[in-house]
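Student: Model the full assembly from the supplied sequences, consistent with the hints where possible.
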Amino acid sequence: DVKVTQSSRYLVKRTGEKVFLECVQDMDHENMFWYRQDPGLGLRLIYFSYDVKMKEKGDIPEGYSVSREKKERFSLILESASTNQTSMYLCASRYRANTGELFFGEGSRLTVL
Amino acid sequence: AQKVTQAQTEISVVEKEDVTLDCVYETRDTTYYLFWYKQPPSGELVFLIRRNSFDEQNEISGRYSWNFQKSTSSFNFTITASQVVDSAVYFCALSEPVNSGNTPLVFGKGTRLSVIA
Numbered sequence: 020d021v022k023v024t025q026s027s028r029y030l031v032k033r034t035g036e037k038v039f040l041e042c043v044q045d046m047d048h049e050n051m052f053w054y055r056q057d058p059g060l061g062l063r064l065i066y067f068s069y070d071v072k073m074k075e076k077g078d079i080p081e082g083y084s085v086s087r088e089k090k091e092r093f094s095l096i097l098e099s100a101s102t103n104q105t106s107m108y109l110c111a112s113r114y115r116a117n118t119g120e121l122f123f124g125e126g127s128r129l130t131v132l
Numbered sequence: 038a039q040k041v042t043q044a045q046t047e048i049s050v051v052e053k054e055d056v057t058l059d060c061v062y063e064t065r066d067t068t069y070y071l072f073w074y075k076q077p078p079s080g081e082l083v084f085l086i087r088r089n090s091f092d093e094q095n096e097i098s099g100r101y102s103w104n105f106q107k108s109t110s111s112f113n114f115t116i117t118a119s120q121v122v123d124s125a126v127y128f129c130a131l132s133e134p135v136n137s138g139n140t141p142l143v144f145g146k147g148t149r150l151s152v153i154a
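For the protein sequence lines, the chains are A and B, in the order given.
My numbering numbers the first residue of the first sequence as 20 and each following residue consecutively.
My numbering numbers the first residue of the second sequence as 38 and each following residue consecutively.
The hints are simulated quantities; they were obtained by calculation from the structure and are not laboratory data.
Among these hints, one or two may not hold up.
Stated by the list, open to error - Some but not every residue of chain B turned toward chain A, in silico, with C-beta under 10 Å:
#: 1; residue: Q43
#: 2; residue: A44
#: 3; residue: S79
#: 4; residue: E81
#: 5; residue: V83
#: 6; residue: I86
#: 7; residue: P141
#: 8; residue: V143
For every residue, glycine included, the Cβ atom is placed at its ideal position computed from N, Cα and C.
Tutor: Right, dumping it as structure tokens:
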């Protein structure tokens with residue numbers, strides 16, 4: 020069965036802390052994505068990766084970085100968390116073919132105090 | 038540029054009513070794909086349907102149906118005889134394939150559907 024796993028469902032961090040959000044997929048998908056979901060704003064793309072060690076900026080990359088050292092894992096990094104990064108973060112993956120649907124993880128709800 | 042508009046922010050219906058969720062898209066390409074996802078309270082987005090731009094046939098799956106009209110750039114989703122379990126946020130999304138095949142999906146802002154018993 021298809022599975023995208025996000026390491027933490029809920030996190031609470033303090034302003035200025037470094038935050039790692041991990042995402043692992045077991046489908047051998049080449050494409051992986053990080054979205055941010057906020058009320059009234061829908062899903063906004065932060066970064067995506069179409070292959071190992073490859074990354075592309077999405078619509079709102081400021082304040083974030085990513086790492087894709089292995090095909091199955093895509094990490095989102097907040098170098099210095101700020102309160103405006105309090106949000107729900109969704110990871111997704113897809114087979115390389117652009118016509119394919121995304122498979123999503125359960126989401127990580129981050130609160131920055 | 039791609040754009041997806043879901044004008045209905047929230048809809049509330051009584052159980053067994055039919056409900057239609059609207060989706061209007063913008064694209065300059067003739068080849069594209071449209072998607073609908075459901076996000077129940079648990080949070081995980083669940084894929085419902087994919088439709089390519091060359092297939093305008095309406096789709097029916099149980100109580101769900103989709104009406105794709107290129108002339109109005111719309112891809113609307115209807116739930117017949119709604120149930121409480123249909124309560125969720127529903128997202129429409131658009132993808133434009135390019136040579137690399139690596140373009141992400143663009144999502145609408147979602148419509149929150151509440152079905153009241």
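Student: Now tell me, hint by hint, if it's right for this structure.
Tutor: Each hint, compared with the structure:
no.: 1; hint: Q43; in the structure: holds, 8 Å
no.: 2; hint: A44; in the structure: violated, 13 Å
no.: 3; hint: S79; in the structure: holds, 7 Å
no.: 4; hint: E81; in the structure: holds, 5 Å
no.: 5; hint: V83; in the structure: holds, 8 Å
no.: 6; hint: I86; in the structure: holds, 9 Å
no.: 7; hint: P141; in the structure: holds, 5 Å
no.: 8; hint: V143; in the structure: holds, 8 Å
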